[in-house]
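Can you build the whole structure from these sequences, using the hints too?
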Amino acid sequence: MSSIPRPLLALVLVLVLPLVSVPPWPPEGAAHAQPPPETHTPALPRPAATVLPPLPTPGTHESGTLAVTSRYEPVRAHSAALDPRFGWPLSPDPPVTRNFDPPATSYGSGHRGVDLGAAPGQPVLAAGEGVVVFSGTLAGRGVVSIDHDGGLRTTYEPLVPGVVVGDQVFRGQVIGEVVTGHPGCPAAACLHWGVRRGAEYLNPLRLVGPETRFRLKPWSG
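According to the UniProt record's numbering, the residues represented by the sequence shown are 1 to 221, in order.
Do not rely on the hints blindly, as some may be mistaken.
[Claimed, not checked] Pair by pair, the computed Cβ-Cβ distance ranges are:
1. 91 <-> 206: 15 to 21 Å
2. 140 <-> 171: 26 to 32 Å
3. 102 <-> 168: 28 to 34 Å
Since the hints were derived computationally from the structure, they do not count as laboratory data.
Positions of the beta carbon are idealized from the N, C-alpha and C atoms, including for glycine.
See below:
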């Protein structure tokens, strides 16, 4: 067999080799590249549901359980019982014609109240909220007595009573009218106003002084 001339063989190789499929050469370092391992995050355990004990029923008592009871009744507000305010029994504020002079003994002489200048027929006002415990005539004079919280009793004379025993009165309510005839009165008419706690007579002017407050212990004149 005749040999193929070298120039022709070289031409054939040039034309044929590009048609042969050759796998691409892997890039440098590709032989060592490996996909990253899969990471698996462990699942956290789900917290157990917190079960609260049932609330106790009001008014019940169970062993080991704090029961809610209706032990305390609603408290009613009695502001007058804690700090009652009193006012003058005449309006406008009257002049004091005779001051308080407490007796040395229960039956001693003195002046168990104050005398206030007034006009005949002038309305007499309740000095504070309370209940009428006397309304009538004593020794020929019209008298009204009112009991207040804290054991206080106020008395008004002489007057024509306008209330009856058992009436609930409020501060400033008209309870009668001034009349003439009070002994030693230097004005057209006078109203005698007294206050006591139990058997002890107190100075009525202490009820209408500045920042007057009800006291839980007796006053000293």
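These are the hints, each one checked on the structure:
1. 91 <-> 206: 15 to 21 Å: holds, 19 Å
2. 140 <-> 171: 26 to 32 Å: The hint (26 to 32 Å, Cβ to Cβ) holds, given that residue 140 and residue 171 are roughly 29 Å apart.
3. 102 <-> 168: 28 to 34 Å: holds, 30 Å
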